[in-house]
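J.: Chain by chain, the residues:
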Amino acid sequence: MKRILAASLFGLSLATSGLAYAEPVKIGVITTLSGGGAGLGIDMRDAFQLAIKQSGNKDIELVVEDDAQKPELAVQIAEKMIQGDKVDLMTGIIWSNLAMAVVPNTVAQDVIYLSPNAGPSALAGANCNANYFNVAYQNDNFHEGMGEYANKDYKNTFVLAPNYPAGKDALTGFKRFYKGALSGEVYTQVGQTDYAAEIAQIRASGADSVYFFLPGGMGIAFMKQYAQSGVGIPVMGPAFSFDQDVLPAVGDAALGVKNSASWSPDLDNEASKAFVQAFKAEYNRLPSVYAAQSWDTANLILSALSKASVKDKDAFRAALKAADFKSVRGDFTFNTNQHPIQNIYVREVVKDGDVLTNKIVATAFEKHKDAYAEQCGL
Amino acid sequence: MKRETTINLLLAAVLLALPLVAAGMGEPFYVTLATRVVVLALAAVGLNLALGLGGLLSFGHAAFFGLGGYAAGILATHAFNAEPLFAGIPGTTSMPLIWLVAVLVAGLVALPIGAISLRTTGVYFIMITLAFAQMIYYFAISWPAYGGEDGLSIYVRNAFPGINTAQPLPYFLVCFAVLMAALLLFRLIEGSRFGSALQAARQNGVRLAAVGIPPFKIRLVAFMLSAMITGLAGALYADLNRFVGPSMLSWHMSGELMVLIILGGKGRLFGPVAGAMIFVSLEYVLGGITERWQFFLGLILLGIVLFARGGFLGLVSGKPRHV
Amino acid sequence: MFTALLIEQLLNGLQLGVMLFLMAAGLTLIFGVMGLINLAHGSLYMIGAFACATVAAATGSFWLGLIASLAAAAGVGALIEVAVIRRLYDRDHLDQVLATFALILILSEGARWLFGSFPLYLDIPKLLQGAVPLPGGGQYQLYRLAIIAVGILVAVGLYLLISKTRLGMRIRAGESDREMIGALGVDISTLYTVVFALGAALAGLAGALVGALQSVQVGMGEPVLILAFVVIVIGGIGSIKGALVGAVIVGVVDTMGRFLLPSLLALTMPAAQATTIGAALASMLIYVVMALILAFRPSGLFAAQS
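Chains as they are written, first to last, in my numbering: chain A, 1 to 378; chain B, 1 to 323; chain C, 1 to 306.
Don't read these hints as lab results, they were simulated from the structure.
Just to be clear, a hint being listed does not mean it is correct.
Claimed, not checked - Taking lysine-lysine and the BS3-like style, the derived pairs with C-alpha atoms no more than 30 Å apart in a straight line are:
hint : chain 1 : residue 1 : chain 2 : residue 2
1    : A       : Lys359    : A       : Lys26
2    : A       : Lys321    : A       : Lys367
3    : A       : Lys359    : C       : Lys126
4    : A       : Lys351    : C       : Lys126
5    : A       : Lys155    : A       : Lys326
6    : A       : Lys321    : A       : Lys155
What you are looking at is a predicted structure, and each value in this text was computed from that prediction instead of being measured.
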């Protein structure tokens, strides 16, 4: 009882000292905490909780639930959060297919959803929504960045992605900016773990470079097998296969690989440095891009809360859209479709002591916008 | 009245009463949760026809569940976008029409799958039904026209004449009515000549053939009927979630449907209902307590399979009706 | 150049087949002797990979890891046989499917509890790194050749074990008449535990070998499990020879399908469509092959028993 009293007193003192509105705010976090994809969800949740904790805002209540990477379960949890917990905001989903299942119905019930990862093209264009804010990226963005960068060195690229919508978005994004020829385009089975057949095709294709999008275990398997195959053609990819969650599992096979992202642990700005330091101190590991995006999502929410009441939807949406927060990605603004306008960097996998991590080697795009914003009626 | 009948009525009453109370108390989520129970129970009633009465251990019923779901999703999408389906036939948002299509599609797909699978028995049957479901699953993931792995969103729940399906309670009542109708159908089939022949085929196919009834045909019809009920449940499930995706077709889904039946009691009229009530409650309660809920769910399921033979209804109402 | 590619792809298919054989041999042995469907076989594969990765990371030796994977998988296998599986032998297949389905949930989530949520690192041993030249100008990964060799050794070993040893005699007796061998004074429950542990060890070995090529993570066993079931059903459940033939068929069909279907389709339709549709068809191909085989031979190619 004493502790609760102390906490609310603390909250009260904060409220009087700076925050414009000190009302209870409930945020629903649906993310993947069990099964094979749990690492990403855990990074997302940890960064989000840390950001809220550091803000000292005691009026925020988080409702965190595990979707086990199953769309139906995510839908059920979303219903529970909206109808049962009566949350004010929702966030947390990692995977595009889960976002597609949850987001349209959530925003239709006038609940604001902020995406900390996953930006399917279907939600960025004609079906954009005033209640949907994507704080991460539109799915094509990282691939577009690598496509642009590849023009510098390569003329004949072999491209590879799983045969599902995010995979097709990926290669579409790459090809949108890549001007060279394609020596091959292959779609692999979802969840495939053996890439011997594809690597043999790469070897025979006469390509001067390989671009692949294979998230999670698929990418780990591909990189390990590719490194051992003796093919030796340079590889590029989006950050998903070269980020802090999977790098330890890929090992030295990833060294030197160029990959694209909106953020890197060595990004030179105050917010980013403070974030990396705080995350390392709290969890004793380096944060991933997912953690960075989630940290930004939390800080965006905090910035909006200090300006407007979450109960006043119009004012709160306007406060979110202003994006008046210190992003770890540096300059961050929202486009008309409420997707980010941000830099896309090219990073290289390096070894820092014993730890594999990334450092920025180039900026592929400054203030990059996605290709679908024009179709959005907002 | 027999003890099991009393328990069945009690289960139906509880399943109907809980959402009414929840709605009265302004807790719509529990209505949604109860709808989930009802729809999963319906899918399992379908499987129970093949598995419980006919002894056909189909490990591929997710295929029919998913096909029903996709029927609803595809028809609704075409209606939403005002694009004809093919040859000028428009989509629809009318539930009765969607149900009809879902049932027909499931039945038509079940015909060849059943005709090939029923040539095998035992483990082969389990695995070949699984293989067909996997085929459809991979097809759905990689076929781009209807969302692939992303699935399809149904932006507005489809309509039932005279009922506001967008509200949780009316939609629950629609699903509940369908479940009751399916249970009645199950009871009628069980008591019919066809049902007797099906059960005879399970116990001794050779003897059945000897009296001039080909067990293959009986089983095939049962398999199709079973698929049709599960397909109907799939259409309802899609509308419940306002979403359909390939995970409805995955082998985990087939496994879950089997779990429901075992939990409740195989071959018993209300087995799937009791199973769905237990399973959804477990999933919900455990999920709220711990991140490791799948671990404890596994432990509980294992305990039930090992120590509570005959499932919940076996525990509370004594000996199974057929041995 | 095309010939070299074709040879390489055939080797790839063979290697995938051999890996599937290691999984399928255990499954089919367990089914043949005890009549049990074990869905948790994929979890034993995962345990092998986790054990190998953990020990290799701690000691720096892949070989110690390999031994650990055999020991861990066999140990866990024996443990679950004694605690759970043995109660299922006289149940119908439905109960077996469900109990082992529950075991998957327990073992997967348990592994995540112990090892965390991030994939583990496991690399190919120094000795087997790199690639060797193939006739026709191609190259082939040495480690994959080693896997093929291990698979052949295991196949020969199993053949000798079953046809020449006392244990093998009992296994054969158990396959043909379960009650009889009990009457003959063979300690059935020990025999069953040994057979189950043997199957588990093979799965663990497969997990460790493949873990070095792929990602060691929770849930890695499930796709392999389904493929292994396809293999034993094609080959005829209970038959080791069937498992070998089935595994090679599945491995080669799957690899060649992924490789050839998109190019074949490209002859009749635009390339962009061909890659998508080809990939879609390739992912369904082995299930189509399985359905076809079962449609004509309802008990598989080498049915051991009815």
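J.: Quick check: which numbered hints come out false for this structure?
T.: 1, 5, 6
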